[in-house]
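**Student:** Sequence:
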Amino acid sequence: MAAAIYALLLVRTTGRKLAWILISTAMVLMTWRRIVSFISILTTGKHVSLDIPEVIALIISILMLLGVLLIRDYFRSINLADARRKKAEEALRKAHDELEQTVKERTSELSVANEHLRQRHLEVSALYKVSSVISKSIRMDKLLGEVLNAISKLEVFTVDKGMIFVVEGNRMRLAAHLGHSGEFLDLHKDMMVGDCLCGIVAKTGEILISANAEKDSRHKIMFPDSTPHGHFVVPFKTKDRVEGVLDLHMPVDAEIDEEKVKLMAAIGNQMGIAIENARLYEETKELSLHDPLTGLWNHNEIRRILQQELARAEREGGCVSVIMADIDHFKSINDTYGHLAGDAVLRMSAKRMLSTVRSYDAMGRYGGEEFMVVLPACDRQYIAAAAERLRISINSSSMDTSEGMIPVAISLGVAASGKERRCDADAIVRAADSALYRAKNNGRNRVEFAFDDEIT
18 MAAAIYALLL VRTTGRKLAW ILISTAMVLM TWRRIVSFIS ILTTGKHVSL DIPEVIALII
78 SILMLLGVLL IRDYFRSINL ADARRKKAEE ALRKAHDELE QTVKERTSEL SVANEHLRQR
138 HLEVSALYKV SSVISKSIRM DKLLGEVLNA ISKLEVFTVD KGMIFVVEGN RMRLAAHLGH
198 SGEFLDLHKD MMVGDCLCGI VAKTGEILIS ANAEKDSRHK IMFPDSTPHG HFVVPFKTKD
258 RVEGVLDLHM PVDAEIDEEK VKLMAAIGNQ MGIAIENARL YEETKELSLH DPLTGLWNHN
318 EIRRILQQEL ARAEREGGCV SVIMADIDHF KSINDTYGHL AGDAVLRMSA KRMLSTVRSY
378 DAMGRYGGEE FMVVLPACDR QYIAAAAERL RISINSSSMD TSEGMIPVAI SLGVAASGKE
438 RRCDADAIVR AADSALYRAK NNGRNRVEFA FDDEIT
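Taken in order, the sequence shown gives residues 18 to 473; the numbers are from our numbering.
No lab work stands behind these hints: they were computed from the structure.
Among the hints, erroneous ones may be present.
What the hints assert, rightly or not - Result set (BS3-like, lysine-lysine): computed pairs, CA atoms no more than 30 Å apart in a straight line:
(1) Lys-220 / Lys-256
(2) Lys-153 / Lys-178
(3) Lys-170 / Lys-111
(4) Lys-159 / Lys-170
(5) Lys-279 / Lys-159
(6) Lys-159 / Lys-256
(7) Lys-159 / Lys-146
(8) Lys-368 / Lys-302
(9) Lys-146 / Lys-121
Said to hold, decoys possible - Simulated restraints on C-beta separations:
(10) Arg-375 / Ser-243: 39 to 47 Å
(11) Val-129 / Ser-305: 49 to 57 Å
(12) Arg-93 / Leu-116: 30 to 38 Å
(13) Lys-368 / His-236: 37 to 45 Å
Beta carbons are placed, not taken as given, at the ideal position from N, Cα and C, and that holds for glycine.
All chains should be modelled from the sequences, with the hints used to inform the complete structure.
**Tutor:** Encoded structure:
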């Protein structure tokens, strides 16, 4: 028992393998002597009286040896089980670490994918917002201002300043701006295609990114009080040409990835088409309002302007005057010189008369060789002088046409609507026409005023 206890203590205080070697060796040596003596007695055949204590000691030694061996086997099985447990724990820990690493990697990948998806959502949303703004307006001035404002509010960019230029031939006109000072705008209101960053984009039709304008040799227009910034310059283009240029001021070294470039390229293409459509709309509108031969307001538009001025005069207590002018002997000009010469006379007559009226007066071709001038806010003395200037502008010198010099004269009739005599558009035109016919009947190349009773 003492040996067993000693064995256990030895196992706990020393290495297990070394302890069992020492114990087993000691027990074998201690028991071997008694076993040899006992076998010797049995083999000699001598009758020897056995020493009872000695036999007991032998038996105890054998039992102790067996006990030690059993204890060794017991601990060996425990050690084996412990080794297997540790191996299993190590395998489990390794599997856990691998799983944890895999989860981290997958989580990171998912986070990147989610961020990528969020960015794509923002970009698609940005494209939709800008497209929505584009679809709501066809007027050039309104369209460009609203688009610039919409782009500045997109979450995908950090923008506090921007400009949009419209390309007109070899020049660029500043058409919309955001956040810039008046002095800055004066430097950029009219630029040549090819100049500075925006001009380069107008020329090449390619997106340009400048991380720091102060260090970019292509940046030609310097502004004394400007802070460090970058540029993101985008062409608004159609298939055939660049219609405009967007310039966004960005923070220095702002991150502009490929997806943002693709987004702005898509917006640029949409805006190119939008500007082209706005130009066509304005040209169509101009054609619908102007006489194609002379460039003056056409019959319908000059009538609308007259009605508008009469309504304003009635609200504000003002007056409106109308001059009807007709080229004398125009049929004879056509018959003598031909219709091409007649068209030239009409164009030159319109140009000469238009140069004599105020910027807020309106002049239109009423029909054939007849013209109407609408003059708001003027007294009888001024309108008489205005009518005389019109007459002299035509009669002062012959008109140079492909068929030679042609002398031209006009007759004019004047009517006015004021506080004492309010009338509608038909009445004042009818009165001015009556005065015009009287000028014709009284010798032509003269001015006649409508009588009071004619304006009713």
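**Student:** Does each hint hold? Answer for all of them.
**Tutor:** Structure-based check of all given hints:
1. Proximity of Lys-220 to Lys-256 is assessed by CA-CA distance (about 14 Å); at most 30 Å being required, the pair is judged to hold.
2. Restraint check for Lys-153 and Lys-178: the C-alpha separation of about 23 Å stays at or below 30 Å, so the hint holds.
3. Proximity of Lys-170 to Lys-111 is assessed by CA-CA distance (about 50 Å); at most 30 Å being required, the pair is judged violated.
4. Between Lys-159 and Lys-170 the CA atoms are separated by roughly 17 Å; this keeps the pair inside 30 Å, and the hint holds.
5. Proximity of Lys-279 to Lys-159 is assessed by CA-CA distance (about 25 Å); at most 30 Å being required, the pair is judged to hold.
6. As the CA atoms of Lys-159 and Lys-256 are separated by approximately 24 Å, the hinted pair is consistent with the 30 Å bound.
7. Note on Lys-159 and Lys-146: the hinted pairing holds, with a Cα-Cα distance of about 16 Å set against a maximum of 30 Å.
8. The suggested pairing of Lys-368 with Lys-302 holds, with an alpha-carbon distance near 21 Å, which does not exceed 30 Å.
9. For the hint pairing Lys-146 with Lys-121, the CA-to-CA distance comes to about 37 Å; that exceeds 30 Å, so the pair is violated.
10. A C-beta distance of roughly 42 Å is found between Arg-375 and Ser-243, which places it inside the suggested range of 39 to 47 Å.
11. As the Cβ distance of Val-129 to Ser-305 is approximately 56 Å, the hint placing it in 49 to 57 Å holds.
12. Remark: the range hint 30 to 38 Å for Arg-93 to Leu-116 is upheld by a beta-carbon distance near 34 Å.
13. Checked against the given bound of 37 to 45 Å, the beta carbons of Lys-368 and His-236, roughly 44 Å apart, stay inside it.
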